[in-house]
Amino acid sequence: MGWDTALFVGLLGHSLGLLWIIVPAVLLGIVVGAIPGFSAQNTLIILLPVTLTMDVDTALTFMVALYCATHLGSGIPAILVNMPGTGGAAATCLDGYPMTQKGKAQQALVVCFIASTVGGLITSMATLALLPHLAQMGLYLRSVEMVVIMLFGLVLIAAIAAKDLLKALIAGFFGLLIGVIGTDHIYATPRATFGFLELYDGVPLIPALIGLFAISEALMMVEEKMLVRTDGKPSRAAQWKETIEGVQLSIKHWWQIVWTAFIGLFIGIIPGAGASIASFVAYQQSRMFSKTPELYGTGHPQGVIAPEAANNGVTSGTLVPLMAIGVPGGSTAAVMMVVLQYHGVVLGPRLFTDQPLLAYGIFVSMCVSYLVMLLTIVPLARYMSQVVLIPTQYLVPSILSLTIIGAFANRGYAFDMALAIVFGVIGFIARKTNYHVTAILIGIILGPLFEQYFVRSLRIGQGDLMILFSSTLGNVLWAFLALSLLLPWLRTRQQRRATAKEAN
Amino acid sequence: MRQPTASRRRVLQGGLATAATVGLMAHTRPAFAYPTRNFNVTIPTGQGGGAERLARAFDGPWSAMLGRPFEYEFFPGAGGQVGYELFVNRRPADGHHLLFGNMGPEMIMYALQRPNYTFPDDYIYFCRLDIDDSCVFVRADSPIQSIEQLVDMAKQRRLNIGTSRIPHPASIGLLALGDATGAQFNLVPYGGGNPTYIGTINGEVEASVLPITGVISQGERFRILGIFNPNQSVFGAYTDAPLVNDVFGTNLPDLASSRSWAIHTRWADENPEHFAMLEDTSRRVFDDAAFAQAFEQTGAPVEALAYGDRELCTNYALAMIELTERYRDVLSAGN
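Quick mapping for you: the protein sequence lines, in order, are chains C and W.
For the first sequence, the numbering used here begins at 1 and goes up steadily by one.
For the second sequence, the numbering used here begins at 505 and goes up steadily by one.
Do not rely on the hints blindly, as some may be mistaken.
Claimed, not checked - Pair by pair, the computed Cβ-Cβ distance ranges are:
# : chain 1 : residue 1 : chain 2 : residue 2 : range
1 : W       : N593      : C       : V222      : 35 to 43 Å
2 : C       : Q462      : W       : D784      : 28 to 36 Å
3 : W       : D773      : C       : G412      : 22 to 30 Å
These are computed hints drawn from the structure, not numbers from a lab.
By construction, the Cβ of each residue, glycine as well, lies at the ideal position given by its N, Cα and C atoms.
Could you put the whole structure together from the sequences, leaning on the hints where they help?
Here is the structure:
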């Protein structure tokens, strides 16, 4: 089916008529996304009895708006207090929080909001126009290609801590070791669970995330009176000027918003992949192609744009396999599928001919949701950024209590609260000894996925390692990966030579 | 200390008498004392899967009869072991906590992993909802046209076959077929039905084995090559695929998956009237057209629905344990 302007205008009018449900869903989504441990998935499960009573259009619009808003909301605490609301915002901490420490929280928030909403908006529109082709694209990526995509994320371990590669690798391998806890992917045999039932499904991401980032950061904060490094100067109230600066920064880097959002879209299409992978891969790619890679990790706006645009690009991508082939691309899409099937909606290719209003309407609702977010949240950055001016003696207890509840809320295990504290202590020690907590987290997030695809590839290759180089697309990705590793090395070498010449 | 006055004494006596009467009524009217709150259901697989869809299709009419709604919790992991361990050991045996599981693969997991609970001492299945034969299928445009062709190819070289998990009735079926015919199959577990469909569509595996209702609900995307059923399949209206035993003259056992409600054995034994009420109402759901309609809306064939009582479920589950013991070597990591 080609582009149909009349259909699009009709769908837009229909979605605008659902603003009454989009606005509260967006507000709820932002709040839920901003609290570590409360994800779109568990919120939608809690609200399932409500959505099942709505008509299918309204229910779907509500779920989509909430889902998109959680991705945006998760960046807020990542920037302000160095604790990502979800795994998808973990990469945002790398530059978002240093911007806050430099007193640029407001600009960072504005950049984050614009990258998120514009990235989400562009990819939703692209999905609307290219849906059948995108659905096919997801099928080209098999286990072998996924192994390489996972490696793109894993090489970030080395990239983020170039100053001390050995410590970064130790932290990354430590994360990978933690990632293998749980049952194996072939025979479901428990490994290193120490008899804890709660670890059979692997180390849960949320308590690890909360511990490594939120709790360890809170422990670090105790040593400071304020988050912002004021250097003795009194803090001043936020100005509109800083919001405008953030808008200008976003406009300046518009192309980066576009291409990193598309990284998110393509990764989102792959069933099983998600925002965490997309944001790390986008950050790594953004750093690689940057003219100033050395600025990444020091509070560089482009380091906020890449992960935020990517994790919002994922939102439309993850719905593609659900709508086009009836297979949910992620856990949130799985909840949406329950609602759709409850209403008798038959998913798959026929959906686009039988119920085009519903099939395409979901992506138009997504566009409208992003527009609502763009218009409502950007002006609020001025007020949100004031959080950093709260003295740590009040901020730390609030963060600790909220995040510990978040650790419990995700799975309902008291064990997860203890686990979050254990990871908090690990994170605190890591920070004190200059080991990068993000490197540990990358290992925890990507390790199990890498293992899953790697072991499956080997199983398909019946033990032959050459299976990893058996596909054309896979080999192209391998070449890109090699380039990702070589390019920074060549660039550093070139710079050293230039410096040596100048010295001579 | 002041003594109660006569009027106060009368009030106290009246209060005690009322309390005793209410207490007695509560004790002598068990039918009205259950259920007293919402049902909490543990599902040992992830949300959005076949188990959740079937449970939700069933709970509409059932909760109308019981007067209480159902709330779901999902505890996937270790082939269902997490959900079962949690249900048996950490959920109170109060009749308000139920489990909804897939007896086939989950009894295989039970037999293989030997977890910290015992069937049927700790929990019992009491209401089977469906019979879901295992089948072998390929994507619609696959060059493999028949089960004979698949087996012939597998005699020449080891074929990659997708499956949800290795400890699964469908996987046992294929391994048993390989044993019987000399064909070589390499099982590739995808960790769920949905990823297995993707692996089949994108050609990563040559064929796959899964329960048939899910494959039928995927429409014309797949072609079913053969069905594992020792007697007669009820899915003839949806596929002309033959029974594997008929094609090869084998004697492969019943390899169907069956979803069922389960409850703590202790509660069922201690509360026979309440348990009988649960059994009776769950059976009557099958007479309600709303259930079949809700089930059909998931795209699955209504022919799969088949009630089974506690005895039937127990026999099925024990037979699955016996089957697992026969194939333990190929199903476990020790192989």
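We went through each hint and held it up to the structure:
1. Separation of N593(W) from V222(C) is about 38 Å and conforms to the stated range, judged on CB atoms against 35 to 43 Å.
2. Q462(C) and D784(W) have their C-beta atoms about 52 Å apart, which leaves the hinted 28 to 36 Å range violated.
3. Distance hint check for D773(W) and G412(C): the Cβ-Cβ separation is about 28 Å, which falls inside the suggested range of 22 to 30 Å.
The structure is inconsistent with hint 2 alone, although it conforms to all the rest.
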